Structures are given as structure tokens and as C-alpha cells.
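Spelled out, the chains give:
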Amino acid sequence: MRLATDLFASAQATVRAVGAYALFALRVLAAVPGALPRPGLVIAQVYNTGALSLVIIMLSGLFVGMVLGLQGFDLLQRFGSEESLGTAAALSLLKELGPVVTALLFAGRAGTALAAEIGLMRATDQLAAMEMMAVDPLRRVIVPRFLGGLIAMPLLAAIFSLIGIFGAQLIGVQLMGVDPGHFWSQMRAAVEVGDVMEGAIKSAVFGALCSLIAVHEGYHALPTAEGVGRATTRSVVISSVIVLLVDYLLTAVML
Amino acid sequence: MRQTRAIELGTGLFVLLGFAALFFLVTQISSRQFGFGAEGYRVSATFDQVGGLKVGAPVSMAGVTVGRVEGIEYDFDRYQARVTLRIDRRYDRIPEDSDAGIYTAGLLGGQYVGIGPGGSDTYLVDGAELQFTQSAVVLENLISKFLFSKAAEEGKE
Amino acid sequence: MTQQAAAPEAPAGLAVRVRDLHYAVNGRTILAGVDLDVRRRSVTAIMGPSGTGKTTLLRLLTGQLRPTRGQVEVDGQDLSRLSRTGLFALRRRMGMLFQQGALLTDLDVYENVAFPLREHTRLPERLLRHVVLTKLQAVGLRGAWRLTPAELSGGMARRVALARAIVMDPRLLIYDEPFVGLDPVSLGVVLRLIRRLNDALGLTSIVVSHDVREITAVADHCCLLSGGRIIAAGPPRALQASDSAEVRQFVRGEPDGPVPFHYPAPDYAVQAAAVR
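Quick mapping for you: the protein sequence lines, in order, are chains W, H and S.
Take the first sequence: its letters are residues 1 to 255, numbered as in this note's numbering.
Take the second sequence: its letters are residues 1 to 157, numbered as in this note's numbering.
Take the third sequence: its letters are residues 1 to 276, numbered as in this note's numbering.
Rather than coming from a laboratory, the hints here were simulated on the basis of the structure.
Computed from a predicted model, the values in this text were never measured in an experiment.
Each hint should be verified, as a subset may be incorrect.
As the list claims (entries may be wrong) - Far from chain W, by Cβ distances over 10 angstroms, these chain S residues were calculated: (1) R19; (2) A24; (3) R39; (4) G70; (5) L79; (6) A89; (7) S186; (8) R229; (9) D267; (10) A272.
Unchecked claim - FRET-style restraints, in silico, Cβ to Cβ: (11) S:G33 / H:R5: 49 to 59 angstroms; (12) H:R5 / S:Q137: 23 to 33 angstroms; (13) H:A152 / W:L245: 25 to 35 angstroms; (14) W:L249 / H:D88: 31 to 41 angstroms.
As the list claims (entries may be wrong) - Coverage of chain S stretches by chain W, computed from C-beta distances (three or more under 8 angstroms per stretch; other residues unrestricted): (15) 97-105; (16) 114-122.
All residues carry an ideal CB built from backbone N, CA and C; glycine is no exception.
Could you build the full structure based on these sequences and the hints that come with them?
In C-alpha cells, the structure reads:
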């Protein structure tokens, strides 16, 4: 009996959380037009979330690509089709690893920074001060950060994938001796513009989700040191789980 | 104002790099797809068996990709599979008595439509149909044929 | 009800008029029937022990919270009848100083003070600079214009916040606990600024504080908030001379009295026995 009521309570809390997220998302979207006349604010956030994540994204892309080169070579060699290494690496990077790993890194690097920054603004009354200065914090603080993440993510994912492909090429061709002609030509024959677009759509969706989760958790953080810390943690955990879940859904829809 | 300049510079660099990567992926890494409608012309062919042929598979002549498979439907008038091919505009001199076959790229690769040129002086145009076709080889049929013939040979001996 | 019929215009000379204000959150009553009049151009102090809802009262006055019951009129406008746009329009005529200053941490001092101007006006940069520097001069921090909030002491941060609060030339200025955590010198500076700005700019000021001695030195009018209602109001001297035990306890800072030293607790023996 106790268990049933507990389950019901937690189910209710989950539904409420989903509802709160949806309402917050609607409020953010409704505030987007109001933020457009100030592109400078969005640019600053593209810098914060995108340009500052560039090094970690490029390094990770290189190593993921190199691992793909090794593993892919080992696997394909068993079937005698090492020449397909380029195809295998490019497709897995463009369609899956690029968008997903970038989103996870984004959640860890930029998402936490966003949640902590906004949580701290909440804790130190900066958001209330804006309200008192007749400035809507949603329009001034939240929307630029949301748009910044939305713009930065597909670009980061594209950079990640491209560097990853070169990383795979580095291992496969330079180290393992796959014929470079085969590597590139098979890749070009098999990869289509649609595959690139699939990755771009995925990463745009992830960008919107990750930045929305980060700003939501920060915006609704309890105004204490502990509350900000918890908001930061929650933003990474929720973002990661949601990215993997939505990745499955998007893949199922677009395949 | 020096700070804003650094931000603008960094952001600009990042955005340019991102778009350059995207552009490179679209143009260099991927094969260009045939555009919708505007480019190329359509021809059709019917097969007894299409096997694992998929929409989007390449159409090739002597190993050169000249088009893509645009549609695969079942034709109830002939009880055969009707495959629509979109041929790139550049390849507009394919003899109308050419034959089409479904082949497999490599042992385990995907299937594609191969066109062997005929000898006619008139060429395929939009809406034409390829008369001579060779169906896909289904591996199971091949194996069972092989086994039966082996068994028959052994029975003779 | 007659509330609708009650004069929509505040009586002349009143900047804020609060009637029968109730506020409860999660079933806990915080304010239970507050009546408050703030005369224009006066410095009104709202005093009271910690946790009696002083900050809540401020947030109700500024429309950050909605009352459970009762009426708040600011500048003759009933807050409950204002839309969000109307509320924002009203807030442009209000300034508020938050407890810790609440400066925007990603902007420097100059940009913090310029923030409301950049958001609400299209002043040319030269004029904007003139306005901002004048306000910074008024709080004595013109030289600190390129410092970031992290480099400011608590007193300086509050003075910058004060400059920001007056940059739009508000008619009503609200201070939430402006003296907390200040050293005696900074405190004296802030105290004098409150009075000087009030008289020089013709403002109405509301100061929430529990520092009785400091605030009674500058206030024209004092209200004592306790247990969710105003238990005494009047000029500072009248409050000090009050014969109400509760008022005397607060004004003189006696540890025990009508406001009990002990938080309500069950019988000691019962509680001790319950914890094993």
C-alpha cells in the first residue's frame, strides 16, 4: 500500500517535471523574437558555448576518429574489406558519434557552465534585480544562451566529424596501410548528402535540448550554494540521458 | 572594447570553421545526390526478382554511376517488380535496347542496377522502358540449385 | 465590495498605500493584514525582527509576489490590476537596492550602472557616459568604473548598486537591508547617501532594516513589523517612547520579552524522552 502511494507520488512528480519543462520551453520560444534585435548577446553566447569548446571538441574528435580507425580496421580485416574503413568511419561519425559525443561533451563543458552561471545569478538576486529594472531575464539572459547553444552545436558536431574522419584516415592509411584511394573513393561513393544532413539535424536537436535543460536547471536552482551545485549536476545527468534517448528516437525516425 | 573585439574574432573564427567543416562534409566526403525532379530523366524496368535492391542504390554502366534507383513497386498487371531509375542528364545517349540487371557489389556489398549498352541508334528518353532485364540472384536459390545438381550428379554415379 | 469603489487614485501625497495585505506560502501565513502608508518624499523605515516577512513585504510592494488577499497601490496604481507590461512600466519608475547589491557579475561597474539605460533607452554613447559618470560620482565611485563586481568590497558593491538604482531617475527607491555586513565607515556612507539622495532627487524611500539605531537616525517615519502585522508606526522618537512592551523590546534590543527567546518547543522531558 505504502509502495503504491510512493510510486504514484513519484510518477506524479515525473509528470509534473515534464510539464514544467514543456511550459518553460514554450516561454523560452515565445521570448525568442524579443531577443532577436540584440544579436550581440547571442554572439557572445556562441562564443561562450561554441568557440570556448572548440579545443576539447577537436581533441576528442581526433581521438575518437583514431580509435575508429583501429577498431574499424581490425573488424573489417576479418571480412577482408579494409577498403571500406573510410565508409565505416565516416558514416559512424556523421550519423552517430559526431552528434552524440559532441552533445555529451557540450553538456559537460558548456551545459554545466550555463547552469552554474544562471543558478548563481538566481542565488545572488541578479535575476530579481533585472526583473526590478523592468528587464525580462528570460529575454535578456535565457534566450541568448539557448540560441547560442542551438547555433553552436551543429557547427561543433561538423568539426568533430571532420576531424574524426581525418583521425581515422591517419590510423587506417598511414599506420595500417589501407590504400588511400580506396579509403576516400569508397567513402565518397557511399556517403550521401542526406547522411550529413541527418547528423546536422540530430545535433541541432541536441543543441536545443542540452541548452534548454542547462538554462532550465539554472533558472530553477534553489538560491543556495548547494542548490547551484545540484542544478549543475542535474543538468549534465538529464542532458546525457535525454541525448541518448532522443538519439535512438531520431535514428529510428530517419533511418 | 578590446574584449568585445576578441569575442567577435573568436566567434567569427569558430563559425567560419564550423561552416567550412559542414561544407567540406557535404561536398568532399559525400557523393552528390541527384537533385529532385530538375536533373535527369526517368526510365523503368521490370524484374522477376529484385532481391535486396533498395531505393537510392546506384545505377551504373561499366562501373560508372550514371543514376539512382528512384522507386520500387509491385506491378499487378505483370506480377513483376517495377523499378524506376533516374538517369543523370549527362548520360543521354543510352541505346534503347540496352539491358538492365541487378548485381551485387562485392560478395556482401549492396545491390545495384547495371546497364549493359545495346546496339540501337535511338536512345532512351524520359518514360522509356528497358525491355531486357536480368533479375537479382538470390543466394539461397543459388545454393539450393548447386546442392541439387551435386546430389543429382552423385545419384548418376 | 467597496474596494472597487474606493478611490482608485491614492490620496495626494501617498506614494505607496497598502490595505489589509495577506500573504501565505505553503499554508504558512507570513503577512496577516498589513496596512501601510508611505508619504511622498519621505524616508520610511520598515523594521522588525528577522523572519517577520520584511523582504516578503518588499517583494509584494514591487509586484514580484502576488498577495493572497488585500491591495497594494504604488503611485496610485493597483498592482493586482496591472498586466506584466504595466508592471514593467511602473518598475521603470522604481529603483531597488538588493541585500547584497545583486550586481551583474559579467559586466564591470560602468556597464552595470549603464545597464538599465542600454535596455530601455537609445541614448547616444556620449550622453549615456555622462549620465552614468554623474551617478557614479554621486555615490563617490567614479574612479572605480572599470572594476568588476568581484573586485569591489561589500560597501562599494552596494554603492554601485545604488548608482544603478537611481540611473533611471526613479520616484520610489526601495532598500532591502542595506546595512547588513557593512563596516561602520561604509555603513555611515550608505546611511548618509540614503538621506542625501532622498532630499536631492525628491525621491520617496523605503528602507527595510533591523538595525534600529542606524535607521531611526535618517527615517522620517518608522513602522515596526512583527508577527505578520504592523504593530507600531510613527516618527522614530514616538516609537522609542512607546510604552508597548513589544516595541520597547525591539527598539532597545532586549533578548527576551513578548518576542520570546525560545522557539516554540514541547516540554523538555517529553522531547528528551522521545530521542533515543
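For each hint, the structure was consulted:
1. Every CB of chain W lies more than 10 angstroms from the CB of R19 (chain S), the least distance being 23 angstroms, so the non-interface label holds.
2. Non-interface status of A24 (chain S) relative to chain W is upheld: no Cβ of that chain comes within 10 angstroms, the nearest being about 20 angstroms off.
3. The non-interface label for R39 (chain S) is consistent with chain W: the shortest C-beta to C-beta separation is roughly 22 angstroms, beyond 10 angstroms.
4. For G70 (chain S), the shortest C-beta to C-beta distance to chain W comes to about 21 angstroms, beyond the 10 angstroms cut-off, and the non-interface label holds.
5. No beta-carbon of chain W comes within 10 angstroms of the beta-carbon of L79 (chain S); the shortest separation is about 14 angstroms.
6. The Cβ of A89 (chain S) does not lie farther than 10 angstroms from every Cβ of chain W; its closest approach is about 7 angstroms, which violates its non-interface assignment.
7. With a least CB separation of 19 angstroms from chain W, S186 (chain S) remains clear of the 10 angstroms interface cut-off, as annotated.
8. With a least CB separation of 25 angstroms from chain W, R229 (chain S) remains clear of the 10 angstroms interface cut-off, as annotated.
9. Listed as outside the interface, D267 (chain S) is consistent with that label: its C-beta sits roughly 31 angstroms from the nearest C-beta of chain W, beyond the 10 angstroms cut-off.
10. Look at A272 (chain S): its CB is around 30 angstroms from the nearest CB on chain W, clear of 10 angstroms, so calling it non-interface holds up.
11. Separation of G33 (chain S) from R5 (chain H) is about 58 angstroms and conforms to the stated range, judged on CB atoms against 49 to 59 angstroms.
12. A hinted range of 23 to 33 angstroms holds for the C-beta pair R5 (chain H) and Q137 (chain S), which are about 29 angstroms apart.
13. At roughly 56 angstroms, the beta carbons of A152 (chain H) and L245 (chain W) sit outside the given window of 25 to 35 angstroms.
14. For L249 (chain W) and D88 (chain H), the hinted distance range of 31 to 41 angstroms is satisfied, since their beta carbons lie about 35 angstroms from each other.
15. Check result for the stretch 97-105 of chain S against chain W: holds, 7 residues qualifying (beta carbon to beta carbon below 8 angstroms, three or more required).
16. Coverage of a stretch by a chain is defined here by at least three residues with a beta carbon nearer than 8 angstroms to that chain's beta carbons; for the stretch 114-122 of chain S and chain W the count is 4, and the condition holds.
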